[in-house]
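Enquirer: Below, each chain spelled out in residue letters.
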Amino acid sequence: MIKIAGLTFDYPGHRALHDVTLTVARNSVTALVGPNGAGKTTLMRCIAGLETPLTGSITVDGTNVLEQPREVHRIMGYLSDFFGLYQDLTVAQCLEYAATSQGLPKFEIDEAVRHTAQRLDLSDRLDQTSASLSRGWRQRVAIGQAIIHDPKVLVLDEPASGLDPEARASLAALFRQLQADRMTLLVSSHILAELDEYSTHMLALRDGRILESRALMTSQLTDARRRLRLDLARADTRLPAWLKAHAQITLHDADIERAEFDFHGDHYGQAALLKALIEQGFAVSSLAAHRENLQQSYLRSVAAHLENQP
Amino acid sequence: MSNPEFKRNLWLSFSESRLVAMPAILGLIFLATYASHAPDARAGEVRMIAISLFIFIVWLWGAGNASAAIIDEMRNRTWDQQRMSALEPWTMTWGKLFGATSYNWYGGIWCLSAFALTGMFAETQGLSLTVMTLCTVAILLHAAMIAVALYTSQFGTRPLQGATVGWLIVIGVTFKYFFDFGLDMSAPAAKFWWGMEFEHVLFWLLTSLLFAICFVFAAWRAMCTALQVPTLPWAWPAFACILTVYFSGQITGETGHPLSVLMLLGLLISVALTYLTLFSEPNTLLLWHKLRILQEKNEWRSWLEHLPVWTTTLVLSVVFATLSYLFTASPPLGNNASLPQPVHAFTLVLMLLRDACIVLFFAFSPNSKNAAGKTMVSLILLDLLLPYLASVADLSELFFFFMPIPTPMTSGHAAWNSTLVMASHAATALVLVNWRLRTAKLQ
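Taken in order, these protein sequences are the chains called A and B.
Heads up, the first sequence is in our numbering, so the first residue is 243 and it goes up one at a time.
Heads up, the second sequence is in our numbering, so the first residue is 9 and it goes up one at a time.
Source of the hints: derived by calculation from the structure; they are not laboratory data.
Accuracy of the hints is not assured; some may be wrong.
Below 20 Å or equal to it, Euclidean Cα-Cα: the simulated EDC-like pairs (lysine to aspartate or glutamate) are [said to hold, decoys possible]:
1) 15(B) x 350(A)
2) 394(A) x 205(B)
3) 486(A) x 502(A)
4) 15(B) x 353(A)
5) 15(B) x 502(A)
6) 305(B) x 353(A)
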């Protein structure tokens with residue numbers, strides 16, 4: 243959905259992005275992670291056509307952002323990290339302005355406002371002014387403005403910063419719903435836990451360079467291959483060797499109490515593995531699908547990057 | 009309502025209380041003025057008050073609102089949302105131009121109604137011309153504020169600085185208006201332009217109409233840049249040409265040498281506009297690096313789109329200098345060597361080139377902060393202090409080297425010598441910029 247090639251962006255005296263090349267898959271939720279100053283916001287602003295890079299090309303759904311930014315805006319929603327709202331407008335007016343300024347036909351505007359308000363649970367607040375809303379509700383209005391034209395791509399810079407846990411949970415649910423509605427999301431944050439719930443891909447940036455760009459491992463990778471985690475109630479020195487010798491297992495990490503491995507087999511195969519472990523006398527307390535969280539993924543990328551540095 | 013930006017501004021500007029407040033307050037002021045004067049002076053006084061209030065409400069307050077239409081968007085962080093909209097630059101421009109000032113126009117309509125009513129009652133001449141001029145100047149000022157705010161904001165200039173430049177235009181036009189007419193535009197006076205005679209009030213109307221079109225166009229162009237719609241850099245030199253034709257027409261008046269005046273004035277205006285943009289644009293190393301990349305890729309259209317505006321009027325200055333040299337049959341002020349000669353047109357352009365190189369030299373330095381300030385100090389040193397010291401020491405050759413322009417002290421030199429000396433300045437400055445460009449690290 244988003245293709246970037248050789249993107250270099252400079253601020254006076256500082257290179258923010260170094261020859262960045264990447265692809266964002268259609269209908270994915272890509273977590274853009276990295277420390278402060280890694281270039282996340284600059285990359286997002288370039289994708290949104292708000293900044294002009296020194297070199298490189300960006301296409302969104304086949305349209306060149308640098309040559310036709312206004313065309314790209316029609317299929318993209320963007321929420322900046324420090325967004326603003328028109329304080330004296332009501333929520334309904336904010337949404338109507340966003341809808342009309344995104345070029346929605348007149349006859350679709352009322353329905354778009356109603357649908358967006360419903361989607362974001364804002365229906366009861368349509369007559370309130372933005373100034374009277376709490377931070378969480380203001381965030382919803384801003385997201386509503388970004389998605390009211392039903393964009394194919396939604397770019398969100400630190401969308402959950404400053405939100406309370408309840409608002410974050412509801413935001414995560416919204417992002418999952420948007421993905422289910424065939425939207426492609428690119429979401430940045432340096433708080434990885436908040437991205438963990440809904441991200442399908444990870445794009446790690448550091449010092450303006452891509453550390454890693456890949457799909458996150460999920461518990462349901464395929465029917466034939468899954469990442470499992472095994473925990474024993476009682477330590478057993480035989481465990482690593484036994485697992486290593488198993489034909490359907492690719493071992494990643496193991497000690498005498500626990501192990502992480504890829505299992506090549508379906509659910510019945512997994513049941514057979516559990517049975518075999520118990521028959522061998524291992525005191526299995528848990529054998530479950532394991533999903534590597536974003537924090538682990540990111541730290542693994544950073545570690546690999548640091549190892550490769552001279 | 010087909011323009012969402014205009015509609016949004018109407019939402020923000022009008023409430024029931026504001027709708028009632030404006031005519032109520034204005035009505036009370038007109039009533040108080042009417043009641044406090046003798047019957048034969050009432051109509052005239054109300055007319056004056058109506059014009060004064062129009063100038064305050066629409067020109068000045070409206071100019072503030074027009075500027076805020078851009079600056080407040082940036083300050084309140086809603087500008088990105090606007091830039092991400094699908095609105096075309098022209099829709100956004102007129103939406104802001106007439107939307108942000110809609111409440112001012114609402115008040116202005118009441119003022120003009122009072123003005124027209126009392127004017128008709130007193131059978132005042134030129135009523136419609138006055139009304140049209142007042143409205144056209146208002147559009148000119150509002151568009152100028154939007155254009156300046158947009159232009160300065162693209163360089164990261166603080167909004168306040170951009171607004172200051174805009175306010176200088178507003179105050180200048182307002183003073184000019186009061187200087188020419190006071191509050192009464194009925195004073196008849198003839199004005200000659202390119203040999204044609206105009207009523208003064210009609211000339212004001214046509215002038216304000218011309219510049220209103222120029223500034224609305226400028227606001228639209230600046231909006232194109234803000235919304236990432238690329239434009240080719242022909243508008244600034246075109247504006248220089250418009251100014252040249254406009255002011256030449258006034259200078260030549262009924263007689264004179266129109267062509268030589270046109271070329272000379274064209275040169276001076278191009279040079280002035282080049283300096284104006286040279287010191288207002290950032291001229292970062294980054295920009296010139298990008299231009300070099302585009303040049304290497306033969307992407308000439310994009311190269312032109314990124315070209316700093318000052319370079320376009322620099323080229324125009326060269327054109328006007330050449331035309332000025334070719335079309336000025338005899339020196340405008342006589343053949344005395346201490347007076348300007350046609351060939352000095354090249355000296356002026358070379359001086360401009362030298363100063364541009366000095367700006368770039370400081371802008372490309374590792375510590376490029378306040379390059380304009382450093383350039384100003386260098387120019388004061390080069391053009392004032394060193395020539396002054398040379399003149400005090402009675403070193404006429406050294407004075408001529410620093411200041412190769414016609415003065416009584418340099419009368420012994422042929423006019424071409426001044427061009428050659430300034431060419432050596434420009435060549436040295438070019439070498440220094442080239443060196444800086446080659447040695448400067450991008451980051």
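Enquirer: Now look at each hint and say whether the structure bears it out.
Expert: Taking the hints in turn, this is what the structure says about them:
{"no.": "1", "hint": "15(B) x 350(A)", "result": "17 Å, holds"}
{"no.": "2", "hint": "394(A) x 205(B)", "result": "62 Å, violated"}
{"no.": "3", "hint": "486(A) x 502(A)", "result": "11 Å, holds"}
{"no.": "4", "hint": "15(B) x 353(A)", "result": "19 Å, holds"}
{"no.": "5", "hint": "15(B) x 502(A)", "result": "60 Å, violated"}
{"no.": "6", "hint": "305(B) x 353(A)", "result": "48 Å, violated"}
Hints 2, 5 and 6 from the earlier list are contradicted by this structure; the remaining hints agree with it.
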